[in-house]
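Spelled out, the chains give:
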Amino acid sequence: MPQNDTLFTPKLTGCNYTTPDQRAKLTGTARYAEDFRAEGMLICKLLTSPLPHAKVKHLDISAALAMPGVRAILTADELPQPADSASDSGAMIKASPWSERALTMEPHYQGEPIVAVAATDEAAATAALEAIDITFEPLPFVIDPLDSLRPGGPNARTNGNVWLPPGKPGEQPCIGELKWTATDFETAGRERLPMGKTAAEWSYGDVVTGLSQAALVLDETFVTPNVSHQALETRSTLAWWENGKLHLTVGTQGTIQTVPAIAKWLNMSVDDIVLISEYTGGAFGGKITASVAVIIPALLAKKAQAPVMLRVSRADEQSIGRARPSLIGRMQAGFSKEGRLLGLDLFVIMDNGPYEQQGDAATAGRMGSLLYQPKAMRWRGTAVLTNTPTRGPQTAPGGLQVSAMLGPILAKAARRLNLDPLAVCRINAPEGRAPVGPPKADGSLNAATSAFVKEALDRGAETFGWQARRARPALTKGSVRRGIGVATGCFVAGTIGFDGLFVITPEGRLRLHTGIGNLGNESFSDVQRVVADAMDVPWEVCEIAWGNTAKPMPWSCVSGGSQTIHAMSRAALAASLDARQKLKEIAAKTLGGKAEDYNIGDQRVFRNDSSQAGISFAEAAGRAIKLGGVYDGHECPADVNKMTKTSVAALAGQGLVAVARDNFPRDGQTYSHVASFAEVEVDIETGMYRIVDFHAEADAGLMVHPRAFAGQLAGRSMLGIGHATMQKWFYDNQHGAPLSKRFYQTRPPTVLCFPEKFTWGSVGIPDPQTPVGARGIGEPPTGAACAAVLCALTDALGDDKFFRAPVMVDAILAASEPGTRALPGGLSANV
Amino acid sequence: MAIIRDGMPPFDLYQPTSVEDALSLADRLGSDAWMLAGGLDSLERFKDRLKRPKAVIDLGRIDELRGVRQEGVDLVIGSMTTLTEVSLHPEIRARFALLAEAAGQVASPQIRNQGTLGGNISQDTRCWYYRDGWNCYRAGGGTCYAGESPEGQNREHAIFGVEGCAAVSPSDTAPALVALEARLVIKKAGGRREIAAEDFFIGPENDITRLNVLGPGELLTEIRLPATWAGATFYFEKVRDRPVWDFPLVNIAAAMQLSEDRIDRARFVLGAVAALPWRLPRVEAAVAGNLRNAVADSASRLAAEGAVPLAHNGYKVALARNLVKRAILGKKEA
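Here the protein sequences come in this chain order: L and X. Residues 1 to 831, numbered by my numbering, are exactly what the first sequence covers, in order. Residues 1001 to 1334, numbered by my numbering, are exactly what the second sequence covers, in order.
There could be a bad hint or two in this list.
Which stretches of chain X does chain L cover? Using the computed rule of at least three CB atoms under 8 angstroms from a CB of chain L, they are [claimed, not checked]:
id, segment
1, 1015-1021
2, 1119-1133
3, 1147-1156
4, 1251-1257
Because the hints were derived from the structure by calculation, they are not lab data. Each residue gets a CB set at the ideal place from its N, CA and C atoms; glycine is no exception.
Hey, can you work out the whole structure from these sequences and the hints?
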């Protein structure tokens, strides 16, 4: 049991409440980045590349600059060189020569920004873009990663086509060239992913023996889609300079952490940046520290000496708004006759886009090792560069893909072995301190802090009525076929080591400072419920300061990777313990005795032996100001982040300042899990299908805010369902051009696409390795939902029908024709 | 100079309150003017800078273009009547449920609230090459990127009547109007003509640059539904990838006059398989005088006769056959 659990008794934590941003959102008074206005504001528009890969041969902006209303034009050569940076431990991180820049003279995908114009209005800016005289020298390009790996295949960048691992420890990954042989392709045939050389690999156990001892070995190839993030709020940004400081309104997943990111891009001091981001209209990982495009209006504002709004249209967002990379996976999986996964050989090719190496391929291996607990496993993978939009981590990056690739394999194994798919999920499910690959340097595996997936499967199966549904006779109602599917998903669900910060004011109120981004999942507020419980105060005396770095903020995690509830509830508790100790010390100094003679309750600190003897929080805050030092923030703990120290200095003297770093112990890596169940009805004459019932059962520790928890389960399940059913890119490979750019072409799921019945539950067993017991829930529903629907479709129509997600009308119709396995487009994700 | 496809150019906005004023404006402004109905097609094209009218005539304030009324034996629907109104109107639902059903299947509730019947049948194709500004036949260029390019992406394109251009009509209501033998009233300054819905739509063999006969200065004012098919047996089905807010991959509108289970007369029209609503006269002839169950299989095989699928849209052949069979049998799940 956690050592501090006696200091935290959930009362408000775990209950629904009205979050502090809700009224503004419902009444429309919430201001997102593009809602801000500034006197004399200019509008910025982007000239983007019409080609997938080219060099700008000629650029003349003079005619555009002379047009009415045009105030400034920014080109790539005016961008500052990105600065090197330092990690929290002080290690130098060299600026990458391969990284994406805000503007470029060598665009690597159609839609990449080249020039930015600031003008008095949008029409003038757009007209000026049209007046720019620009010509290009086309360069070789590639859209499909397998085309690039072919002998003599094109490279997406002039110096290579893949990311290669560091040559030696301490170095950074680099871009190089990797080609497979013609024999690699011939050996694989048309339906299987060739298995040529890869850039990276790891293994544990003896995979060859695991496969050889298996009662059943499956060799499957599966393609997951490229999917644009498509957050509803585009990444518009307003920038202005005031007294030498840069002010920005942006959407971001991490308010405080975006400041150093911008400082790095602009090569300037964090002290000269004020960032405003009270509301962010959705983000799935693509706004973790906003994005590099925010420096465009910043530089233009300086140049034009006027505020500049970069108005990112939906078309721009489709280009620069990040996308999930497609993975092409080949999985050789060996099962015992009981369905246990004895050996897994996972081989993945990732469509990386042209810039920073994405983690999806590697994370797929890690999540696969956790989720299915193979007794022996090998992972091999390569990030292949393509001339397509920049990728970014999207909800469960790699986790979704591995569930989509491996979930249906478990179901197929169950059918081949005459087992219940639920039983095969269960026998392979992680349990307790489950091992996780890749292996450490000494060959041992990491361990999860806890896993209760079997419990989630059991509870979910009961709620869903799995066995009763399974026992039904096959549906033979005309052209409708029915199928059920069960699958699991997992993802990282917590980090550690961030700072908590709040002030008990002389009025006796608690002002809770946070640097978490507010992107709609409410975690910026939910974690503060821990403070209220730990301080034993009603929620009404708490107020949250968020969304503006002019209000001091502690070093907080970004609201990404499902880490916030875990990381910041710990930080909140750490700060609360600091506050409690300071209150007791102040009481002892005021009323006599020792700190341990006092306790906290009812907004007072009082003697253990006489509750009448005490002082109110308000009085204690006043005393803290008089005492100064650590009590009112004039002194700060040495172990908090330097940005927290700056914030504490700014708050000094305002009351009792509670500040602490999360130093609670944790043994293991933190993951959450979901078990999902789906029933589909497929009309084999039209290819359309309905998800008639869906259940998601979470294993994410203690629920901090049930309504937000349910929203995450539902919303992220829908994201996974979108990947299974309709959401993807279409590309013209010959011209290197994206064809699906609009919502009606990329088909993100809408609220009207919800399953006809949706239920959810939570195992609710607190994680023993974190004092609050809570883990994140944002990401694991995605893979579980995607895989459950894919399993249900296969259950309805039979094995060996689908090799690519999403499964759309044409795929269903092809699957419904006896003996056909249509492969138009080969293993491309974009057809 | 740079090619920009994102940002609506300025235009003069006119908001007449009568048809007469609208036509007068259209006559005066000539080819510089653009008639704007619900705007769901037009505004996208403006924003893409592919249509750059100097003047836009917004029809939204003309009351006489809205609503449903009985005129003699015809049920008359104003062209600016919204799709929601069409789908919910009791008279349309009672007598011409085919159209109500089709209108109710368009896109999403929000779009149906804004989109109009006239706009829905007059909209341009959604071919992703053409809409993205590629210089294809339809845009005045020299190829069809979807149909003629070796790596063309054409899963949503035509299987019938591909005369150069492989684009399809994206309308859900157009096949219904053709099936119902609707007549369309088109006015221009000093003139009025009334044509069969079937003649309103044109394929690439007639004019590869447009999908209907509307010319400069012309305004579609009324959709007239004759009593011919009132109360008949109808069937509408739309196949799409996303259950809401999606264009049809294929749709079918069928009207049948039955004596018990015998089909006396019928019209079958497929949508999204050609540049215009695609009537199936051979199917219609095959079913006439036959029992539904007896003729469904054989007649459905005629549905795809003449189809020439492209690399990625062969599934539409099966769909055409299956939808015709379902329409004949009158069952959503055959």
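Okay, the hints, checked on the actual structure:
Look at the segment 1015-1021 of chain X against chain L: 0 of its residues bring a Cβ nearer than 8 angstroms to a Cβ of that chain, fewer than three, so the hint is violated. Proximity of the segment 1119-1133 of chain X to chain L, defined as three or more residues with a beta carbon under 8 angstroms from a beta carbon of that chain, is established by the 4 residues found. Three residues within the 8 angstroms Cβ limit are the bar, and the segment 1147-1156 of chain X against chain L gives 6, so the coverage statement holds. With 0 residues carrying a beta carbon less than 8 angstroms from a beta carbon of chain L, the segment 1251-1257 of chain X misses the three-residue requirement, and the given coverage is violated.
Going through the hint list in order, the structure does not satisfy hints 1 and 4.
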